[in-house]
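Colleague: Make the full structure from the sequences, and use the hints.
Chains as they are written, first to last, in the working numbering: chain A, 1 to 336; chain B, 1 to 336.
Please keep in mind that the hints were generated in silico from the structure rather than gathered at the bench. Glycine is no exception: its CB is placed at the ideal position from the N, C-alpha and C atoms. It is possible that part of the hints are untrue.
[Unchecked claim] Here are a few chain A residues that sit away from chain B, every Cβ distance over 12 angstroms (derived from the structure):
1) Pro35
2) Pro53
3) Ile77
4) Asp90
5) Lys124
6) Glu185
7) Ile203
8) Glu242
9) Val243
10) Gln258
11) Asp263
12) Gln287
13) Thr321
14) Arg330
15) Glu333
16) Asn335
[To be verified] Pairs of lysine to any residue residues, derived as SDA-like cross-links and limited to a Cα-Cα distance of at most 25 angstroms, are as follows:
17) A:Lys184 - B:Ile8
18) A:Lys194 - B:Asp90
19) A:Lys135 - B:Gly314
20) A:Lys229 - B:Glu86
21) A:Lys184 - B:Arg5
22) A:Lys194 - B:Leu91
23) A:Lys229 - B:Tyr89
24) A:Lys184 - B:Leu91
25) B:Lys194 - A:Arg84
26) B:Lys194 - A:Tyr89
27) A:Lys255 - A:His107
28) A:Lys201 - B:Glu86
29) A:Lys194 - B:Lys194
30) B:Lys198 - A:Leu51
31) B:Lys255 - B:Ile152
32) B:Lys198 - A:Gly10
33) A:Lys135 - A:Glu80
34) A:Lys121 - A:Leu51
35) B:Lys229 - A:Met88
36) B:Lys198 - A:Thr9
Protein chains: 2
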Amino acid sequence: MTLRRDPITGRWIVNTEQAEQPQKAQALKEAETCPFCEGSEALTPAEIFALRPNESKPDSPGWEVRVVPSFSPALRIEGELHRRGELMYDLMNAVGAHEIVVETPEHIGNLSDLELAQIEKVVKTYALRIADLKKDERFRSVVVFKNYGGDIVRHSHSQIIATPVTPQNLREELSGSREYYDYKERCIYCDIIKQEIKQNKRIVFEDESFIGIAPFSSRFPYEVWLLPKKHSFAFETISEKEVSSLAVALKSILKKLQLLLDDPPYSFVLHSSPNLGERGERHGYWQTIKYDYHWHFEIMPQAMESSGFEWGTGFYLNPTTPEEVASRLRQVEVNF
Amino acid sequence: MTLRRDPITGRWIVNTEQAEQPQKAQALKEAETCPFCEGSEALTPAEIFALRPNESKPDSPGWEVRVVPSFSPALRIEGELHRRGELMYDLMNAVGAHEIVVETPEHIGNLSDLELAQIEKVVKTYALRIADLKKDERFRSVVVFKNYGGDIVRHSHSQIIATPVTPQNLREELSGSREYYDYKERCIYCDIIKQEIKQNKRIVFEDESFIGIAPFSSRFPYEVWLLPKKHSFAFETISEKEVSSLAVALKSILKKLQLLLDDPPYSFVLHSSPNLGERGERHGYWQTIKYDYHWHFEIMPQAMESSGFEWGTGFYLNPTTPEEVASRLRQVEVNF
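Modeller: Right, here's the structure in full:
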């Protein structure tokens with residue numbers, strides 16, 4: 001496994017070289033026993049972390065949220081980065097972490113169908129795993145994401161990938177929000193939140209702590225961003241109170257999408273600050289992140305089939321407007 | 001229809017607001033008569049351009065390649081750009097062109113199955129349409145692309161979209177190649193070509209004028225880039241001789257993919273210089289493009305299902321190496 005850098009754009013790609021492994025994952029999907037259910041702990045690799053209120057033993061029943069290594073990891077946890085060149089090209093070993101967060105011991109498919117208290121535990125687990133992985137100086141970025149629906153295992157879970165490089169979209173966001181801060185001395189996301197509240201036509205969810213919006217420049221139909229109202233650059237610094245609010249916000253938005261679009265497949269990605277670490281301290285690049293970056297979730301329901309045009313150009317055609325989307329989602333009543 | 005700019009990354013999105021129109025396109029797909037076949041000219045909007053060697057009338061039989069407006073255009077050809085702000089957001093009218101290039105009068109599905117002489121006509125049509133669209137000062141970029149397979153009309157065609165903004169991926173390439181030129185005073189694509197010939201392990205196709213490579217940092221399995229060996233920044237300046245060579249190169253690569261992967265769906269996108277125009281002359285940004293940019297095709301077979309992780313992060317996981325891919329494709333013999 002190697003990481004290769006595109007010499008033109010600086011984008012890093014992982015060569016997972018796991019062409020055979022998806023079969024293993026496929027076999028698991030088709031197995032009659034769900035490997036994520038309580039009691040099936042032996043069917044997964046040894047657990048990395050679990051919320052076990054009664055201090056039950058690892059890899060045994062009694063957990064609330066359980067984190068295990070991916071069955072087919074895209075990156076390897078062991079080893080040195082070994083950065084090197086191949087004439088004009090740059091590459092390094094694909095060192096990183098790839099974990100699965102099993103979000104409930106029960107066989108429930110959609111995060112939106114979990115109890116609020118359970119979603120709080122999931123959110124808390126994200127924060128704990130990110131904080132733990134960031135202790136590893138080799139990892140520059142920790143990304144939490146979820147793919148729901150399609151032919152994916154029907155037991156609510158998300159994934160965490162820690163990478164020794166900053167993913168390209170995060171680099172773009174960091175660079176854009178830094179430029180804005182340099183010019184205005186304000187966080188661009190904080191300004192977006194203020195403007196969205198003022199205009200009040202793209203808001204999907206709002207309470208004291210969080211706001212969900214159909215973003216002005218949505219790439220996909222029913223794309224929703226969920227942001228904390230109070231400026232915060234790093235998700236893992238979330239407070240207890242915010243954990244409870246976030247659970248309500250996530251459940252509300254996902255439930256609205258589920259009801260309006262008939263339980264669509266969806267993905268979400270948590271965008272949060274890269275690992276500052278020691279290297280960060282040495283680089284001016286990182287020093288302003290605390291001020292100019294703002295963590296958020298990007299939720300994309302029923303991600304459309306990839307069109308060659310959009311992949312190839314990065315220029316998205318979206319048949320719906322965020323104002324319509326927000327209006328439709330606001331009308332969906334959710335009670336819990 | 002509007003174009004909206006993401007205030008963080010600068011990426012432009014088209015709101016096509018055509019939610020109802022795909023049904024029209026779908027009805028056409030399911031129609032018994034193919035609207036792209038010779039004799040069905042009345043089933044398409046009035047033609048924009050055609051190669052008609054015997055000077056037959058527009059919208060009648062007798063053409064070799066025919067260009068018509070898209071049935072469900074993403075951008076409108078009429079009107080002013082009307083750039084404007086909405087508080088901190090930027091938007092403009094979605095003015096542009098969206099054309100369909102019908103690549104053959106015969107009902108043949110895959111470009112790779114056309115005669116070489118016919119592919120030459122297609123390539124020549126691309127160049128003529130790009131040159132014509134670039135005369136329109138409103139358009140900053142003209143992108144030619146093709147989606148083949150899946151549920152797309154089974155009559156070989158490609159599409160052209162002219163936009164008043166530079167697509168994000170092209171912006172990244174322009175910026176990366178400019179930085180490289182500023183530092184080395186060499187075109188990065190020319191350097192890549194030299195290195196690929198020297199290393200000779202990622203070459204899929206090579207002749208006097210063109211080289212096809214599985215790029216070092218391939219995002220997708222079986223991704224292939226096709227580049228002219230002689231430095232050239234703008235596709236529409238292609239010479240007669242290069243048109244013939246390009247037809248051979250395109251047919252060879254597409255045929256190899258078709259044979260090796262059992263006629264897979266694929267997309268390709270032509271990456272070429274944006275419109276320099278008058279505005280270009282005024283901006284230093286554009287003045288170096290002639291030296292530092294290099295047009296090329298990016299071909300992506302069987303574009304995988306979009307994973308939320310890859311969409312959300314721009315960090316791609318590719319299970320194959322370009323060296324394996326090139327070795328497999330080189331072994332496929334094609335004769336024509």
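Colleague: Run every hint past the structure and note whether it holds.
Modeller: So, going through the hints one by one against the coordinates:
With a least CB separation of 20 angstroms from chain B, A:Pro35 remains clear of the 12 angstroms interface cut-off, as annotated. With a least CB separation of 31 angstroms from chain B, A:Pro53 remains clear of the 12 angstroms interface cut-off, as annotated. The claim that A:Ile77 lies off the interface holds: its Cβ sits roughly 16 angstroms from the closest Cβ of chain B, which is beyond the 12 angstroms cut-off. With a least CB separation of 9 angstroms from chain B, A:Asp90 falls inside the 12 angstroms interface cut-off, contrary to its annotation.
A:Lys124, annotated as away from the interface, keeps every beta carbon of chain B farther than 12 angstroms; the closest lies near 22 angstroms. The Cβ of A:Glu185 lies farther than 12 angstroms from every Cβ of chain B, with a closest approach of about 15 angstroms, so its non-interface assignment holds. Distance to chain B confirms A:Ile203 as a non-interface residue, since its nearest Cβ pair spans about 15 angstroms, more than 12 angstroms. Once the 12 angstroms rule is applied to beta carbons, A:Glu242 is consistent with being away from chain B; the minimum gap is 22 angstroms.
Every beta carbon of chain B lies more than 12 angstroms from that of A:Val243, the smallest distance being close to 22 angstroms; the non-interface claim holds. The non-interface label for A:Gln258 is consistent with chain B: the shortest C-beta to C-beta separation is roughly 16 angstroms, beyond 12 angstroms. The Cβ of A:Asp263 lies farther than 12 angstroms from every Cβ of chain B, with a closest approach of about 16 angstroms, so its non-interface assignment holds. The claim that A:Gln287 is not at the interface with chain B holds, since no C-beta of that chain comes within 12 angstroms of its own (minimum 19 angstroms).
The beta carbon of A:Thr321 is not kept farther than 12 angstroms from every beta carbon of chain B, the shortest such distance being approximately 5 angstroms. Under the 12 angstroms C-beta cut-off, the non-interface status given to A:Arg330 relative to chain B holds; the minimum distance is some 18 angstroms. Non-interface call for A:Glu333 relative to chain B: holds, since the shortest CB-CB distance, roughly 24 angstroms, exceeds 12 angstroms. No beta-carbon of chain B comes within 12 angstroms of the beta-carbon of A:Asn335; the shortest separation is about 28 angstroms.
Between A:Lys184 and B:Ile8, the direct Cα distance comes to roughly 13 angstroms. Compliance with the 25 angstroms bound is thereby established for this hinted pair. Of the supplied pair hints, the one linking A:Lys194 and B:Asp90 holds, its CA atoms being roughly 16 angstroms apart against a limit of 25 angstroms. Proximity of A:Lys135 to B:Gly314 is assessed by CA-CA distance (about 24 angstroms); at most 25 angstroms being required, the pair is judged to hold. The hinted pair formed by A:Lys229 and B:Glu86 meets the criterion: a straight-line CA distance of about 21 angstroms does not exceed 25 angstroms.
A C-alpha spacing of about 18 angstroms is found between A:Lys184 and B:Arg5, which places the hinted pair at or below 25 angstroms, so the restraint holds. A distance of roughly 19 angstroms separates the Cα atoms of A:Lys194 and B:Leu91; the hinted pair therefore holds under the 25 angstroms criterion. Simply put, A:Lys229 and B:Tyr89 have alpha-carbon atoms about 19 angstroms apart, close enough for the 25 angstroms limit, and the pair holds. A C-alpha spacing of about 21 angstroms is found between A:Lys184 and B:Leu91, which places the hinted pair at or below 25 angstroms, so the restraint holds.
A distance of roughly 20 angstroms separates the Cα atoms of B:Lys194 and A:Arg84; the hinted pair therefore holds under the 25 angstroms criterion. With a CA separation close to 13 angstroms, the supplied pair B:Lys194 and A:Tyr89 stays within the 25 angstroms bound. For the hint linking A:Lys255 to A:His107, the alpha-carbon distance of about 18 angstroms falls within 25 angstroms, and the restraint holds. The straight-line distance between the Cα atoms of A:Lys201 and B:Glu86 is roughly 13 angstroms, inside the 25 angstroms bound, and the hint therefore holds.
Taken as a hint, the A:Lys194 and B:Lys194 pair is broken in the structure, with Cα atoms around 52 angstroms apart against an allowance of 25 angstroms. Distance restraint check for B:Lys198 and A:Leu51: the Cα-Cα separation of roughly 55 angstroms exceeds the 25 angstroms cut-off, and the hinted pair is therefore not satisfied. For the hint pairing B:Lys255 with B:Ile152, the CA-to-CA distance comes to about 19 angstroms; that is within 25 angstroms, so the pair holds. Only pairs whose Cα atoms come within 25 angstroms are accepted, and B:Lys198 paired with A:Gly10 is accepted, the gap being roughly 22 angstroms.
About 15 angstroms separates the Cα atoms of A:Lys135 and A:Glu80, which keeps this hinted pair within 25 angstroms; it holds. Of the supplied pair hints, the one linking A:Lys121 and A:Leu51 holds, its CA atoms being roughly 8 angstroms apart against a limit of 25 angstroms. Pair hint B:Lys229 plus A:Met88 holds up; C-alpha atoms about 18 angstroms apart against a cutoff of 25 angstroms. For a cut-off of 25 angstroms, the pair hint linking B:Lys198 to A:Thr9 stands: about 22 angstroms separates their Cα positions.
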